[in-house]
Amino acid sequence: MSTVTAVLSPRLTAATTGRVLRQLRHDHRTIAMMVLLPSLLLGLLYLLWRDVPALPGQPTVFDRVGLTMLGVFPFVVMFLVTSIAMLRERTSGTLERLLTTPLSRLDLLLGYGTAFGLAAAVQAAVTVTVATTLYDLDVAGSLWLVVLIAVADALLGVALGLLASAFARSEFQAVQFMPVVVLPQFFLCGLLVPREQMAGWLQAVSDVLPLTYAVEALQEVGRSSTGTGTMWTDVGVVAGAAVLALALAAATLRRRSS
Amino acid sequence: MTDAVTVTDLVVDRGHRRVLPGLSCAVPAGRVTGLLGPSGSGKTTLLRALVGVQRIRSGTVTVLGEPAGSPGLRSRVGYVTQAPSVYPDLTVRENARHFAALYGRSAAAADDALAAVGMAGAAGQLVADLSGGQRGRASLACALVGEPELLVLDEPTVGLDPVLRVELWDRFHALAAAGTTLLVSSHVMDEAGRCDRLLLLREGVLLADVTPGELREDAGTADLEEAFLTLVRRGEQVAA
Chain C
1 MSTVTAVLSP RLTAATTGRV LRQLRHDHRT IAMMVLLPSL LLGLLYLLWR DVPALPGQPT
61 VFDRVGLTML GVFPFVVMFL VTSIAMLRER TSGTLERLLT TPLSRLDLLL GYGTAFGLAA
121 AVQAAVTVTV ATTLYDLDVA GSLWLVVLIA VADALLGVAL GLLASAFARS EFQAVQFMPV
181 VVLPQFFLCG LLVPREQMAG WLQAVSDVLP LTYAVEALQE VGRSSTGTGT MWTDVGVVAG
241 AAVLALALAA ATLRRRSS
Chain H
1 MTDAVTVTDL VVDRGHRRVL PGLSCAVPAG RVTGLLGPSG SGKTTLLRAL VGVQRIRSGT
61 VTVLGEPAGS PGLRSRVGYV TQAPSVYPDL TVRENARHFA ALYGRSAAAA DDALAAVGMA
121 GAAGQLVADL SGGQRGRASL ACALVGEPEL LVLDEPTVGL DPVLRVELWD RFHALAAAGT
181 TLLVSSHVMD EAGRCDRLLL LREGVLLADV TPGELREDAG TADLEEAFLT LVRRGEQVAA
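In order, the protein sequence lines correspond to chains C and H. 1 is the number of the first residue of the first sequence in full-length UniProt numbering; add one for each residue after it. 1 is the number of the first residue of the second sequence in full-length UniProt numbering; add one for each residue after it.
Looking at chain C on its own, in the form it has when it is part of the complex:
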């Protein structure tokens, strides 16, 4: 009579993905901001550096920074969106209700990951298209690889957002996790100061921060026409970090609370 709930059910994961995407569909302004804001911000950087001459044989500042931002935007946006969405789920009582249904915790988290991963793919496709056509961003490698890395970064943001929401009791707290999680990774990823020039201990910290690998992967695609081994290793590290964060998020999501 009783059916045991599986740890993971593709059907229930898909139901969650569909539900999160339907919620997004009703929120036109969020969709517009998600799809267009990275392109607009990238345009600002393009105008900022347009007249700054490049050193001979070196990529322009915009080529270097703009390409990196293609990985940073989805990471930041998806981190914020996910941590707020999950916090709303907790405070509105829907999470408690979901936990009394056959839906498993992993179904819920993967459902979120898939939904926002798909949203990130659309965002990345638009941003890459705008950057390479309107802003003449120069990328030696395949643009599909850029989109792939952007989606991996978005999934990292989703997974860390799901994890961070477990430690936030209010939306005020959740929003403030963004600088805590994002800024140190951004400062140390090698964009502001090349990693070789950092103090040894800062470089060691940079070595364990996943965004470092996301940025390195994009730099590889920027200068090499084919996918390099370093790039694939970097993508693997980012994906691995996302899986680890997701597992931790599942572990902190308790069915019973006091």
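No lab work stands behind these hints, which were simulated from the structure alone. Note that CB positions come from ideal geometry on N, CA and C, so glycine has one too.
Partial chain H-side listing against chain C, Cβ under 7 Å, derived:
{"no.": "1", "residue": "R14"}
{"no.": "2", "residue": "V51"}
{"no.": "3", "residue": "V53"}
{"no.": "4", "residue": "R55"}
{"no.": "5", "residue": "R74"}
{"no.": "6", "residue": "S75"}
{"no.": "7", "residue": "Y79"}
{"no.": "8", "residue": "T81"}
{"no.": "9", "residue": "A83"}
{"no.": "10", "residue": "S85"}
{"no.": "11", "residue": "L90"}
{"no.": "12", "residue": "E94"}
{"no.": "13", "residue": "A101"}
Label-pair restraints from in silico Cβ distances:
{"no.": "14", "chain 1": "H", "residue 1": "R14", "chain 2": "C", "residue 2": "F172", "range": "21 to 27 Å"}
{"no.": "15", "chain 1": "C", "residue 1": "V126", "chain 2": "H", "residue 2": "R14", "range": "44 to 50 Å"}
{"no.": "16", "chain 1": "H", "residue 1": "G40", "chain 2": "C", "residue 2": "R254", "range": "20 to 26 Å"}
{"no.": "17", "chain 1": "H", "residue 1": "G133", "chain 2": "C", "residue 2": "A247", "range": "40 to 46 Å"}
Since chain C is already given, all that's left is putting chain H on it; use the hints.
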């Protein structure tokens, strides 16, 4: 008459406060049981323990033959929280269909559940645009769609007008007649008369486990509110 739920020596702490200091009670199968008591008496805590989301200190809670919160129970027990827990940024129909999918039911079953709570006409509306009472009914539909064997409802009639309240109680009895066990909490004593059986809770202690008729007879009054107060006073005199 078999029991759908058996609670034995249940102790629950919330924060530093002991909410349930050792509660034992039972809920008969296929009946509408009312869980009544003033707010803060531990009703919601008990209901949360039954559906397996409340951390408990000690004691046992057996639901439909299995420990409360067992994976196997999740498709057999429906829970409606006091505050409507549906997604405000989805339409009523999308909410019902989502929960239908989680319980392995069809989209048609979702539409039936909405019709059952009188929300078929508002199916296309966003939950955020509904009145409080409508939200509550949408939330109820999301539990009905799973056709659970045990339906746990935390104050489902709060904020409903008298006509809707009567309709819902008729629906509860129709479900019970079809074999569903219902446990309905309320702090409104005039709803007690509509239950087959009453569990009266005060400060985490079970004051009485009676039928409405027995309660009236015992307290010597036809008014259930008055009868409840008589029981409370009697308990205080014993304690003093």
